[in-house]
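**Q** Build out the structure end to end from the sequences listed, making use of the hints.
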Amino acid sequence: MADAQKPEAKPAQPAPPKAPATMAATPWESELTGMLKEHFGDRIPEFCTYLGQDFLVAQPEAVVSILEFLKLEADFDYLVDITAVDYPKRPERFDLVYILYSFPRNERIRIKTGIQDGYKPQSAVGVHLTANWLEREVFDMFGIEFSGHPDLRRILMPDEWEGYPLRKDRSVTDMDNRWVKENLGIESGQ
Amino acid sequence: MPDTFLDSTELVINMGPQHPSTHGVLRVILKLDGEKVTGTECVIGYLHRGVEKIGENRTYQQFAPYVDRLDYCAAVSNGLGYCLAVEKLLNVEAPPRAQVVRVILTELNRIASHLIWLGTHCLDIGAITPLFYVMREREEILNIYEKYCGARLTTHAFRIGGLEYELYDGFEAEVKAACDFIAPKIEEYERLLTGNRIWIGRLKGIGVLNAEDCKQYGVTGPMLRAAGVKWDLRKAQPYSGYEKYEFDIPTGENGDTYDRYLVRMEEMRQAIRIVRQAVETIPDGPIMGKVPKVMKPPVGEAYVSIEAPKGELGYFVVSDGSVMPYRVRVRPPSFVNLQSLDKMARGSLVADVVAIIGTIDIVLGEVDR
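First to last, the sequence lines map onto chains A and B. Sequential numbering of the first sequence, starting at 658, is according to my numbering. Sequential numbering of the second sequence, starting at 170, is according to my numbering.
The hints are simulated quantities; they were obtained by calculation from the structure and are not laboratory data. For every residue, glycine included, the Cβ atom is placed at its ideal position computed from N, Cα and C. Careful, some of the hints might be misleading.
Claimed, not checked - Quick list of simulated restraints, FRET-style, between CB atoms:
id: 1; chain 1: B; residue 1: TYR334; chain 2: A; residue 2: PRO684; range: 29 to 35 angstroms
id: 2; chain 1: A; residue 1: GLU819; chain 2: B; residue 2: ASP417; range: 27 to 33 angstroms
id: 3; chain 1: A; residue 1: PRO748; chain 2: B; residue 2: GLU381; range: 37 to 43 angstroms
id: 4; chain 1: B; residue 1: LYS354; chain 2: A; residue 2: THR683; range: 23 to 29 angstroms
id: 5; chain 1: B; residue 1: GLU422; chain 2: A; residue 2: ASN763; range: 18 to 24 angstroms
id: 6; chain 1: B; residue 1: THR298; chain 2: A; residue 2: PRO807; range: 42 to 48 angstroms
id: 7; chain 1: A; residue 1: SER804; chain 2: B; residue 2: TYR334; range: 49 to 55 angstroms
id: 8; chain 1: A; residue 1: SER804; chain 2: B; residue 2: GLU210; range: 18 to 24 angstroms
id: 9; chain 1: A; residue 1: PRO807; chain 2: B; residue 2: ASP453; range: 56 to 62 angstroms
Unchecked claim - In silico DSSO-like pairs for lysine-lysine, Cα to Cα no more than 30 angstroms straight-line:
id: 10; chain 1: A; residue 1: LYS777; chain 2: B; residue 2: LYS222
id: 11; chain 1: B; residue 1: LYS205; chain 2: B; residue 2: LYS373
id: 12; chain 1: B; residue 1: LYS222; chain 2: A; residue 2: LYS769
id: 13; chain 1: B; residue 1: LYS512; chain 2: A; residue 2: LYS777
id: 14; chain 1: A; residue 1: LYS838; chain 2: B; residue 2: LYS222
To be verified - Partner residues are not named here, just some residues of chain A that face chain B (Cβ under 7 angstroms, in silico):
id: 15; residue: CYS705
id: 16; residue: ASP734
id: 17; residue: LEU736
**A** Here it is as C-alpha cells:
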C-alpha cells in the first residue's frame with residue numbers, strides 16, 4: 658500500500674513507467690464501522706477510504722443483510738445506485754457496487770463485493786424498492802442474475818440480444834460487425 | 170340489478186414509443202379497467218447508445234462531449250458532473266474563476282431545462298401557449314451559450330480541470346440582461362397557470378408520491394422536494410463553491426403534480442438569484458487548473474454527484490491507471506425517477522398518466538443512455 662503513493666510525486670512528468678496496481682486506499686475507522694464490525698464480524702473484511710470517500714468490502718452473502726442493517730440501524734435510507742465492474746482476469750470476476758446515502762447523517766458510503774461469474778447474489782428489492790430497475794440493468798449489462806428478484810428481464814437492450822455488452826470481452830466493433838452482418842448482410846467496414 | 174352489469178374486462182393498451190406526450194421514445198403498457206389504470210409497465214431502451222461502453226473506449230477528455238448527449242436539455246450539468254468526477258480522481262480542483270463561471274452556466278441551464286419542462290408539461294395538459302413563451306425565454310440562455318462556446322444544446326462548455334474558453338466581452342452584461350428578461354416572465358407564467366382552474370383541476374392530487382415513497386424509490390430532485398424533503402445536493406454537499414451563494418430550497422407539502430410545478434417555478438427564481446450573485450463576483454485568474462495533457466489518474470475509483478435539474482446525477486468512475494476510464498457509470502436521475510411511474514399512475518385515469526409522465530421530467534437520452 659505504501660509504495661502505491663510514489664508515482665503521484667511528480668504529476669508533470671510524462672508518465673510513470675508502471676502505474677500502481679492497486680488502489681491506494683487507507684483504512685476507515687468511525688463509529689459506524691465499529692457498529693458494523695460488532696454486528697457482522699468477518700463478513701466485512703475491509704473498511705477503506707479513498708479520496709475522502711468511504712467504502713467497505715463485504716462478502717457477497719452478507720450484502721443484503723448489511724443494506725438492511727444500515728437502513729434500520731444507521732439511517733442509510735436511500736440506495737443511490739447499484740452497478741458492477743468487470744475484471745475478467747480475476748477469479749472473482751465482478752465487483753458489485755452499492756452506493757448508499759443517508760438523509761439524516763448526510764453521508765455517502767459504498768458497499769463493494771467480489772463475485773464469481775455465475776454466482777447469483779441475493780436481490781435487494783426487499784430492502785429498497787429502487788433496486789428493481791438497477792438490478793435489472795446490472796443483469797442486462799453484465800449477466801449477473803439476482804436471486805429473488807421479482808422481474809429479472811433485460812431493461813435497456815432488446816430481449817433477443819445475445820451476450821452482455823458491458824463485459825470486457827465484448828468489443829464495440831465486434832458487436833457492431835455482427836449486427837450489421839446479420840441484419841444488413843454486408844461488412845460494416847469498422 | 171345483477172352485479173355483472175358494470176363488470177368490464179381488463180384492457181391492455183400501448184402508449185408510445187411514438188407518442189407526443191411521452192417526451193421521446195418511452196413506451197408504457199397500460200392495464201385499464203374502464204378508464205382507470207390498474208397497472209403500468211415501462212418499456213425503455215429505444216435510445217440506448219451504449220454510452221457507458223463508449224466511455225471505456227475513449228480517453229478521459231474524449232468522453233466528455235458524449236455526456237452532453239445524455240440529458241440534452243441540461244447538457245451543461247452533465248458536463249459539470251463528469252468533469253468533477255474526473256477531477257476528483259486526478260485530485261485537482263478547478264480554479265476559482267472557472268468555478269464561478271461553471272455555476273453561472275449550470276444555473277442558467279437549470280432555468281433552460283425547467284423552461285422546457287414547463288412548456289412541454291403544459292402542452293401535455295392541453296395548454297399550448299406557454300410552449301411558445303418558454304422557447305422565447307430559453308433562447309436568451311442558448312444565445313449566451315452559443316456566444317461562449319459555439320454550441321447551443323450539446324455545449325461541451327467545461328473541460329476537466331476548468332474551462333477551455335475565456336469569457337467573451339460583455340458576458341456579464343448579457344447574463345444580467347437575460348436574468349432581468351426572464352425573471353418577470355416567470356411571474357407571467359404563474360399568472361397564466363397557478364390560479365388557473367383547469368390547471369389546478371388537472372394537477373392537484375394527481376401522481377402523489379410522499380416522502381417515504383420517494384426514498385424507497387430513490388427519487389430525487391424537485392419530486393423529492395415537492396414531497397416536503399428539504400434536500401438539495403448544492404446545500405447538503407456543496408460543490409463548485411455553491412456554499413458561497415445565498416439561495417433557498419423550495420419545498421412542497423403534498424407531493425403531487427401541482428406541488429412539483431410550484432417547486433420548479435421557485436427553483437427557476439432561485440437559480441436567477443444564484444446567477445445574479447455569481448455574476449457580480451467573478452474573480453480574476455486562470456481558468457484552467459494544473460492537469461496533465463495525458464490524463465492518467467492513479468488506480469482508484471470515485472463517485473461524484475451533483476444536483477442536476479432533474480435530480481441527483483452521479484458519475485462512478487473507475488481508473489486502472491491508463492488513459493481510458495476502466496468503467497464509467499452514469500447514475501441518471503430520470504431513469505431512477507421514472508421507476509416510480511407505476512406507483513403514481515395506479516388508480517388514476519388515463520389522461521392523468523400523461524400529466525404524471527410530464528411531472529417526472531424525463532429525458533429519454535438519459536433514461537436509456
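**Q** Hints first: check each against the structure and report whether it holds.
**A** Hint check:
1. B:TYR334 to A:PRO684: 29 to 35 angstroms: Violated, at about 43 angstroms.
2. A:GLU819 to B:ASP417: 27 to 33 angstroms: Check failed, 52 angstroms falls outside 27 to 33 angstroms.
3. A:PRO748 to B:GLU381: 37 to 43 angstroms: 41 angstroms, holds
4. B:LYS354 to A:THR683: 23 to 29 angstroms: About 51 angstroms separates the Cβ atoms of B:LYS354 and A:THR683, which means 23 to 29 angstroms is violated.
5. B:GLU422 to A:ASN763: 18 to 24 angstroms: Distance hint for B:GLU422, A:ASN763 holds at roughly 23 angstroms.
6. B:THR298 to A:PRO807: 42 to 48 angstroms: 44 angstroms, holds
7. A:SER804 to B:TYR334: 49 to 55 angstroms: 52 angstroms, holds
8. A:SER804 to B:GLU210: 18 to 24 angstroms: 22 angstroms, holds
9. A:PRO807 to B:ASP453: 56 to 62 angstroms: 57 angstroms, holds
10. A:LYS777 to B:LYS222: 23 angstroms, holds
11. B:LYS205 to B:LYS373: 17 angstroms, holds
12. B:LYS222 to A:LYS769: 21 angstroms, holds
13. B:LYS512 to A:LYS777: 28 angstroms, holds
14. A:LYS838 to B:LYS222: 21 angstroms, holds
15. CYS705: 10 angstroms, violated
16. ASP734: Because about 5 angstroms separates A:ASP734 from the closest Cβ in chain B, which is inside the 7 angstroms limit, the hint holds.
17. LEU736: 6 angstroms, holds
The structure is inconsistent with the numbered hints 1, 2, 4 and 15, although it conforms to all the rest.
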